[in-house]
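These protein sequences, in sequence, are chains W and D.
Residue 733 is where the first sequence starts when you use the numbering used here, and the numbers rise one by one after that.
Residue 11 is where the second sequence starts when you use the numbering used here, and the numbers rise one by one after that.
Calculated directly from the structure, the hints in this document are not laboratory data.
Do not take every clue at face value.
Claimed, not checked - Below, computed lysine to aspartate or glutamate pairings styled on DMTMM-like, alpha-carbon distance capped at 25 Å:
#  : chain 1 : residue 1 : chain 2 : residue 2
1  : D       : K255      : W       : E1156
2  : D       : K23       : W       : D942
3  : D       : K255      : W       : D1154
4  : D       : K23       : D       : E57
5  : D       : K255      : W       : E1152
6  : D       : K23       : D       : E123
7  : D       : K254      : W       : D1154
8  : D       : K23       : D       : D74
9  : W       : K749      : W       : D839
10 : D       : K23       : W       : D1115
11 : D       : K254      : W       : D1101
12 : W       : K749      : W       : E863
13 : W       : K1186     : W       : D1154
14 : W       : K1186     : W       : E1170
15 : D       : K23       : W       : E945
16 : D       : K254      : W       : E1152
17 : D       : K255      : W       : E1153
18 : D       : K255      : W       : D1101
As the list claims (entries may be wrong) - Taking beta-carbon pairs under 10 Å as the criterion, some of the chain D residues facing chain W (in silico):
#  : residue
19 : I145
20 : S208
21 : V247
What the hints assert, rightly or not - Just a sample of chain W residues kept apart from chain D, beta carbon distances all over 10 Å, derived:
#  : residue
22 : P845
23 : D857
24 : L903
25 : T906
26 : A922
27 : V974
28 : D986
29 : S995
30 : P1039
31 : A1042
32 : T1045
33 : Q1068
34 : W1191
Even glycine gets a Cβ: it sits at the ideal position worked out from N, Cα and C.
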Amino acid sequence: MGAVLGLRTAAAVTTAKVVAALSRRLGFGGGTALPGLVADAVAPGLATRLAARLGHGCVLITGTNGKTTTARLARNIAQAAGYRPVHNHSGSNLMRGITACLIEAADARGQLPQPEQRLGIFEVDEATLPEAAAALSPRVVAFTNLFRDQLDRYGEVDSVAALWRPAVASLPSTTTVVLNADDPGVAGLADACRGPVLFYAVSDPSCAVDQIEHAADARWCLSCGREYSYSAVFYGHVGHWVCPGCGRARPAADIEATRVEQSPDRPLGLALSTPSGQFDLALPLMGLYNVYNALAAVSVAVALGVPAEAIRTGVASFTAAFGRQERMTVRGREVQTILAKNPAGLNQVLRAISAEEGPKNLLFLLNDDIADGRDVSWIWDVDFEMLAGQAALLLASGRRAADMALRLKYADIDATPAIEEDTEAALEMALALTPEGERLYVIPTYTAMLRVRKLLARWGRRPPFWKEA
Amino acid sequence: MEAALRLAHLYPKLMNLYGDRGNILSLRRRCQQRGIALTVDELELGEPLDPAAYDLVFIGGAQDREQRRVAADLLGTKAEALHQAVEQGVVLLAVCGGYQLLGRYYRPAAGEELAGVGIFDAWTVHPGPTARRFIGNVVVRWQGGTLVGFENHGGRTYLGPSARPFATVIAGFGNNGDDGSEGVVQGENAFGTYLHGSLLPKNPRFADHLIAQALRRRYGEAELAPLDDALEQRAHVEAVRLAKKRSIFGRR
Chain W
733 MGAVLGLRTA
743 AAVTTAKVVA
753 ALSRRLGFGG
763 GTALPGLVAD
773 AVAPGLATRL
783 AARLGHGCVL
793 ITGTNGKTTT
803 ARLARNIAQA
813 AGYRPVHNHS
823 GSNLMRGITA
833 CLIEAADARG
843 QLPQPEQRLG
853 IFEVDEATLP
863 EAAAALSPRV
873 VAFTNLFRDQ
883 LDRYGEVDSV
893 AALWRPAVAS
903 LPSTTTVVLN
913 ADDPGVAGLA
923 DACRGPVLFY
933 AVSDPSCAVD
943 QIEHAADARW
953 CLSCGREYSY
963 SAVFYGHVGH
973 WVCPGCGRAR
983 PAADIEATRV
993 EQSPDRPLGL
1003 ALSTPSGQFD
1013 LALPLMGLYN
1023 VYNALAAVSV
1033 AVALGVPAEA
1043 IRTGVASFTA
1053 AFGRQERMTV
1063 RGREVQTILA
1073 KNPAGLNQVL
1083 RAISAEEGPK
1093 NLLFLLNDDI
1103 ADGRDVSWIW
1113 DVDFEMLAGQ
1123 AALLLASGRR
1133 AADMALRLKY
1143 ADIDATPAIE
1153 EDTEAALEMA
1163 LALTPEGERL
1173 YVIPTYTAML
1183 RVRKLLARWG
1193 RRPPFWKEA
Chain D
11 MEAALRLAHL
21 YPKLMNLYGD
31 RGNILSLRRR
41 CQQRGIALTV
51 DELELGEPLD
61 PAAYDLVFIG
71 GAQDREQRRV
81 AADLLGTKAE
91 ALHQAVEQGV
101 VLLAVCGGYQ
111 LLGRYYRPAA
121 GEELAGVGIF
131 DAWTVHPGPT
141 ARRFIGNVVV
151 RWQGGTLVGF
161 ENHGGRTYLG
171 PSARPFATVI
181 AGFGNNGDDG
191 SEGVVQGENA
201 FGTYLHGSLL
211 PKNPRFADHL
221 IAQALRRRYG
231 EAELAPLDDA
241 LEQRAHVEAV
251 RLAKKRSIFG
261 RR
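Using the sequences and the hints, build the whole thing.
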C-alpha cells in the first residue's frame, strides 16, 4: 500500500512537472497553478504528503492585505537563519498554487532535496485558509488584517471571519497562531485558539491619524456590538481599541514596534521589543501598513525561534515583491509601482505618497476582472481628497478608467484627470508627461499590475531598491 | 437662485459597505456648482430625525450583522419621523440594505425576521445560504433613461399593490431576478434601489432629478443649470457597454 502511494506520488509529481514545463513553453503562464490542479487529479492529497516531508514544517500567512510582502519578509528571514524555504513567491495562493510550489521543490521521485533544512512558507488566500490549515498541518499560522475586499467574491466581511474561526479552532495545540493585536477582527481569533498565541502591535502613538477613515469597516465589537472607542487610530479600523460596552480590548502585544520613523525617501526605521530582545530594524519599504507586515514576519520568526541577528539580516536583504511596491528607472524617470486593491490598502498607499516631498505624478489603473473584484464601487470609499494640492499629473487607465477618472474629479484634486484605457498607451503617456528626474507613481489593481509589470520589465532596468539598505 | 438644502445621511458609519458614500459626494458637488448650499447631517444609532428639518434623506447598504442593529434603531428612533418626512414630500433615496429595511420586512438567510419601517410597500426574503446571490453589473431603464450600477444582494424583493417599480431591468437581476422590476417608487418622492456603483455619480440625470424635486418642494421652482457632464456620461456609457457585454456572454 505504502509502495503504491509512493509510486502514485512520484507519478503525480512527474506529470505535474511536465505540465509546468509545457505551460511555460507554450506561453500559458509561469506554471504556477495548472500543475497543482493536474497533480491533485492524479494523486489526491499530494500537498499533504509533500508538506509532511518538510523537515521544519510550514508556516501559513493569510489576511486581506500584506500577505505577499509578509511571506517574502518571512522567507528572507528564514534564509538568513539557515533554512531552505519552499515558498509560493509567485503569489499563487490557492491550494493548487501551494501544491504546484511543493512539486517544483520536489525531485521526480517526489522527494525533497535536503529535507531536514526545509521550511514551507505559504501565503494563503483568505477563503482557502481552512482547507490549507487542514491539509498542511502548519507549525505557525499568521494573520495580517481583515478588511473588505472583493465583496462580489466573498459576499461580506463577516463571512471571511466566519471561515477563519473554526479553522483556527481545529488547529492542534502545538500550532502557534500569530495575530495583529491592533485589528480587532483579527485579535478576536485568540478566543478560538487552542495553542500558543503571539500578538504583534504598534505602540508608537506618533503614528496615529486624527480622523478615522471612511473605509473603516470593523468598528463594532464582536461580542456586544457597541462601537469601539480608540485612543489611537493608525489606519482603517486598526489602532488602540477598547469596547466601552463589554470591556473587550486590544490585548497586550508580545512583539511591538515601540518607535516608528517615517521620513521621505528613507527606509522605515523601527525599534522593536520582542521576547528575543529589543532591536532596531531598517525596512526598505514605505507606509505604516508595511510596518505591520514586518511585525507579522518578525512574529513568525520569533515563533520559529529565529535569533534577532538573523531577523535583522533577513529584513535588510529584502526587496519588494515585483510590482507590489517597487522602484525602477525607466527613461530617466523613477517609476514606483504600488499594488492597491481595496479601500484600506489604497488609503494607506495614498497616505504614504502624500508624505513624500514635491508634486506627485500619478497613474491609477482600475480593472474589474474576477481577480480585481467585479465591483468598482469601493473607489468611492477611498479618501482621494488627501491628494488635494499635491497632484501634478493625474491619469486614469484600465477597463474602468472612466470610473476612476470620475472618482478623481469628485475628489477635487486641482489637476484634471485624463483617461487612457489601454495600459501600454497609458504608461507611455504617463512617462512622457512626467518630467525627467521626477517620480511617477503607478497604482494598479491586481490584474493591471500583472500587465504593468511585464511592460516595465521590458522597458526598464531594476536598480538596487534602496541604496541605504 | 439663492437656495439651501439639508440632507440627512442615515448611519454613514454602519451602512457604508459598498461605496454608497459616492451618492453624497455627487449630490454635494452638483449642488455646490449651482450655488445651492447643501448641508449634510450624519445621523447614527440613537440620534433622532427631525422630519421638518430636511429636504433629502439618504441611507446606504451594509451586511446582515449591521442591518440587524440598524433595523432596531430605525424602528426605535426614526420610523415615525421618516413616515412624516416622506408624507411631507421629503426626497428619500435608499440603496440595497437601506431599501430592504424601509420595506415591510426583511427575512434574512438565518435568524429572525426583521420588521421594516414600511415606507415602501415591499418585502424582502433571503431564500437561504445556498441560494444564488445576485452579483454583477446592472443596467435598468427608468423614466429618465438608463441607469447603471452594480448589485450585490441575496434578498429577493417583491412589491405590494401601492408601490410601483422604479425601473425595468435591461441587464442584471433587479428586485428578485424574476419579474424584471428594479427598485421601488412610493408616492413621487421615495426611491428604493439595489444599485451601488456608486449610483448617482454615473447617473447624473437621476441625481439632478432628486435635487430638482427637493428644490421644487422647498422653493416651488427648480431651474438647474446644466453642468459639464462629459466624464459622467463617458463612465455611464462605458459601464452600460460592459454590463450588456457580460450579460450576453453569461454572468461571470
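Verification of the hints:
Note on D:K255 and W:E1156: the hinted pairing holds, with a Cα-Cα distance of about 23 Å set against a maximum of 25 Å. With a CA separation close to 17 Å, the supplied pair D:K23 and W:D942 stays within the 25 Å bound. Distance hint between D:K255 and W:D1154 is fulfilled; the C-alpha atoms sit about 18 Å from each other, no more than 25 Å. Using a Cα cut-off of 25 Å, the hinted pair D:K23 and D:E57 holds, with the two alpha carbons roughly 13 Å apart.
Between D:K255 and W:E1152 the CA atoms are separated by roughly 21 Å; this keeps the pair inside 25 Å, and the hint holds. Restraint check for D:K23 and D:E123: the C-alpha separation of about 23 Å stays at or below 25 Å, so the hint holds. Restraint check for D:K254 and W:D1154: the C-alpha separation of about 21 Å stays at or below 25 Å, so the hint holds. Distance hint between D:K23 and D:D74 is fulfilled; the C-alpha atoms sit about 14 Å from each other, no more than 25 Å.
Proposed proximity of W:K749 and W:D839 is supported: the alpha carbons are some 9 Å apart, at most 25 Å. The suggested pairing of D:K23 with W:D1115 holds, with an alpha-carbon distance near 15 Å, which does not exceed 25 Å. Note on D:K254 and W:D1101: the hinted pairing holds, with a Cα-Cα distance of about 15 Å set against a maximum of 25 Å. At roughly 23 Å between alpha-carbon atoms, W:K749 and W:E863 fall within 25 Å of each other, so this suggested pair holds.
Pair hint W:K1186 plus W:D1154 holds up; C-alpha atoms about 14 Å apart against a cutoff of 25 Å. A threshold of 25 Å between alpha carbons decides the hint, and for W:K1186 with W:E1170 the separation of about 22 Å falls inside it, so the pair holds. Proximity of D:K23 to W:E945 is assessed by CA-CA distance (about 10 Å); at most 25 Å being required, the pair is judged to hold. Between D:K254 and W:E1152 the alpha-carbon distance is near 22 Å, which keeps this suggested pair within the 25 Å criterion.
For the given pair, D:K255 sits about 17 Å from W:E1153 by alpha-carbon distance, which is consistent with the 25 Å threshold. A hinted pair counts as satisfied when its Cα atoms are at most 25 Å apart, and D:K255 with W:D1101 qualifies at roughly 14 Å. The restraint placing D:I145 at the interface with chain W holds, with a minimum CB-CB distance near 5 Å, inside the 10 Å limit. Using the Cβ-Cβ criterion of 10 Å, the hint placing D:S208 at the interface with chain W is satisfied: the shortest such distance is roughly 5 Å.
At about 8 Å, the closest approach between the beta carbon of D:V247 and any beta carbon in chain W falls short of 10 Å, and the interface hint on this residue holds. With a closest Cβ-Cβ approach of about 42 Å to chain D, W:P845 is found to remain outside the 10 Å limit, as its non-interface label requires. No beta-carbon of chain D is positioned within 10 Å of the beta-carbon of W:D857; the least distance is around 18 Å. With a least CB separation of 25 Å from chain D, W:L903 remains clear of the 10 Å interface cut-off, as annotated.
Non-interface call for W:T906 relative to chain D: holds, since the shortest CB-CB distance, roughly 33 Å, exceeds 10 Å. A cut-off of 10 Å between C-beta atoms confirms that W:A922 is not in contact with chain D; the least separation is 20 Å. Against the 10 Å criterion, W:V974 stays outside the reach of chain D, whose nearest CB is about 17 Å from its own CB. Residue placement check: W:D986 keeps its beta carbon more than 10 Å from all beta carbons of chain D (closest about 30 Å).
Non-interface call for W:S995 relative to chain D: holds, since the shortest CB-CB distance, roughly 32 Å, exceeds 10 Å. Even its closest Cβ contact with chain D, about 43 Å, leaves W:P1039 beyond 10 Å, as expected for a residue assigned away from the interface. At the 10 Å boundary, the C-beta of W:A1042 stays outside the reach of chain D, the nearest C-beta of that chain being 42 Å off. Under the 10 Å C-beta cut-off, the non-interface status given to W:T1045 relative to chain D holds; the minimum distance is some 43 Å.
Taking the minimum C-beta to C-beta distance to chain D, about 26 Å, the non-interface status of W:Q1068 holds against the 10 Å cut. W:W1191, annotated as away from the interface, keeps every beta carbon of chain D farther than 10 Å; the closest lies near 28 Å.
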